[in-house]
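K.L.:
Chain by chain, the residues run as shown.
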Amino acid sequence: MEVPILKQGHYLIASIQSALTDADLSQLREALITRVGKYRARGVIVDVTALDVMDSFAVRTLRDIAHMARLRGSETVIVGIQPEVAFAMVQLGLSLKGISTALDLEEGLAFLDAKARERV
Amino acid sequence: MSDELRLAIASDVDIVHAREKGRELAAAHGFTLGDQTVIATAISEVARNILLYARRGEVRIRPATDTGRDGLVVIAEDHGPGIRDIAQALQDGFSTSGGLGLGLPGARRLMDDFDLKSAPGQGTTVTMAKWKRSHG
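Chains as they are written, first to last, in my numbering: chain R, 197 to 316; chain Y, 31 to 166.
If you're looking for bench data, these hints aren't it; they were derived computationally from the structure.
A few of these clues could be false.
Chain R regions said to be covered by chain Y (calculated; three or more residues, Cβ under 8 Å) [unchecked claim]:
1) 214 to 223
2) 250 to 256
3) 287 to 296
All C-beta atoms in this analysis are idealised placements derived from N, C-alpha and C, irrespective of residue type, glycine included.
Go ahead and model the full structure; you've got the sequences and the hints to work with.
P.N.:
Set out below in structure tokens:
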């Protein structure tokens, strides 16, 4: 299931719609990294609201996306981690250390706007 | 035992399928949304281990009762290469596959009971259980 990636201003928004296989997650990573360059995106938002499980592979892929995007000059925010998912992630021992998160899409956009103002 | 689910694991789609079925069964047996998520996440980790190390195997999920507690038992079994050093495999951050090394130790933390049996050349069986809490 391919994740739709929308361009909004200087940002890319990947809005996950349903459970993703490992292959889907890897495909999302490649698509985002390519598009950061193609659209000269300054920020990436990955909306994981629809994910009811974030296991070690999903977290590793999100971390990779954030690190790769940063190397390409783009800031990533993960938004919409559900409370039960956060609980399970912590028990599993997974963290998103060094990666920005926000409650929802609106907060994520506000975060990127604030970052952009810092840069000016 | 008619309630037992047997799920073949041979591709990444099967991992998603197994954890979704596990969540459904947990929901049907009255587990909280939090525990459903915990069980589904643990299933995802052990199913991925099957795929990574043995290429194929099976996840079985069934309701169980133990000294008056209701719960769910998950068994992940493969006939792959097996694990040489079980203590090492249960250490955080140890991985021979380039992963995060959190699969088995993480699943152990998520579930209430966790048992790992493995012999080199014969395969690996993980048996884990989550029990319903009487309050909450």
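K.L.:
Closer than 8 Å Cβ to Cβ for three or more residues is the test here. Does the region 250 to 256 of chain R pass it with chain Y?
P.N.:
The restraint on the region 250 to 256 of chain R holds, since 6 of its residues have a Cβ under 8 Å from chain Y and three suffice.
K.L.:
Taking beta carbons only, do three or more residues of the region 287 to 296 of chain R come closer than 8 Å to chain Y?
P.N.:
As far as the region 287 to 296 of chain R goes, the hint holds, because 4 residues have Cβ atoms under 8 Å from chain Y.
K.L.:
Three residues or more, CB to CB closer than 8 Å: is that satisfied between the region 214 to 223 of chain R and chain Y?
P.N.:
holds (count 5)
Consistency note: the structure conflicts with none of the earlier hints.
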